[in-house]
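Enquirer: Which chain is which? The protein sequence lines are F and W, in order.
Sequence positions in the first sequence follow numbering that gives the first Met the number 0 and run 0 to 124.
Sequence positions in the second sequence follow numbering that gives the first Met the number 0 and run 0 to 195.
Please keep in mind that the hints were generated in silico from the structure rather than gathered at the bench.
Values in this document were obtained by computation on a predicted structure and should not be read as measured data.
Fair warning: there could be bad hints in the mix.
Stated by the list, open to error - Here are some of the chain W residues that sit facing chain F, going by a computed Cβ distance under 10 Å:
#, residue
1, 87
2, 89
3, 95
4, 98
5, 115
6, 165
Cβ coordinates follow ideal geometry from the N, Cα and C atoms, glycine included.
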Amino acid sequence: MTRVALVEAYRGGDLTRDELYAGLTKLLSADPKSLRQARSELNFDPAVRAGFEAWLEDLRSGPQILLGGQHVAVTSTLISALDDAERSSTLSPIEGEPGSAATVGAKPTLGSRATVQVTDICLNA
Amino acid sequence: MRLWRIRDVLREPATSLRRKLAAVWRGRAARRGDAPMSTKPGTAQRPLGQPWRPNPGGRRSVADAVALAKDLGVVVEDDVRIVVNDAWLNMQGAEVYAAYAGFTSTRPYTWDDLLIRGKMVVKLRSTVLDSDEGIVEVLAHEMHEINTLRGMFEARSSIPGAELIELLGPGRPGNLHDKAWDVGAGVLRRLRGGIK
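Based on the provided sequences and hints, a complete structural model is requested.
Expert: Printed below as a string of structure tokens:
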């Protein structure tokens, strides 16, 4: 099952949130390089994304995870990828996230959210 | 020989010794079947009635499967929704016939945490529907687990994830998962014996 199919199954109401997170953990353990994409694919719902961040943080403590009656193995390469991501995020924030160039100090362009907000204020006034 | 080993141990740095002791402990835990990251299922924790005889009429619908299971005394409550999802089950393993919910040992769960829009969603492998024997054994197993959990959650508002994993995980003979296969085998015997 692909990561995208997993997220679709969650959004379609077939998986609980912890099934989604455990499934992603399983996929990421095999392919830790896709951590960044997995995170961005959960941006459709801030609560789901925040829950996943908390779940990832918990992985460092070596939890037991049960999915479909089977234990999910968390690989050391996934933990390393999490460490690397944390280190790199402090040096160069991910685009579009708090602290990144896109949200701090960047000038709003025509059609951007900031421009629309200004227009709204003018109309209301 | 033993004297030399003790001497070697005394010469080793403390960190190296700690690593070796941890490896020995992990090995013992794995042999006991309680290794935290083990992926090996335990013995006798799978369907007991296989091979299942295929239906001459072919695959049943989920609705027919539920009706068949209920006819044999399996309690399928209204808050259970059964869906066919082979991709999800293939991800868990070739011998996983059905699955619901997922757990981590780091948090407690309420009954509502296991539901999706008010339903416990059980993912079922399509090939199970090819055999009435498979249907009754698998559904009786899953419903025994779910109905037992339902009773536990009625008595307690929340249950630690570690406890749920202990109840439902592989490699723990005599746990709820194991006993549910006995229940499944019992219902299958009734089907094979023509007893309702």
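Enquirer: Each hint: holds or not?
Expert: Hints and how they fare:
1. 87: holds, 6 Å
2. 89: Holds. Min distance 7 Å.
3. 95: This interface hint holds because 5 Å falls under the 10 Å limit.
4. 98: holds, 4 Å
5. 115: holds, 5 Å
6. 165: holds, 9 Å
Figure legend: structure checked against the earlier numbered hints; every hint is met.
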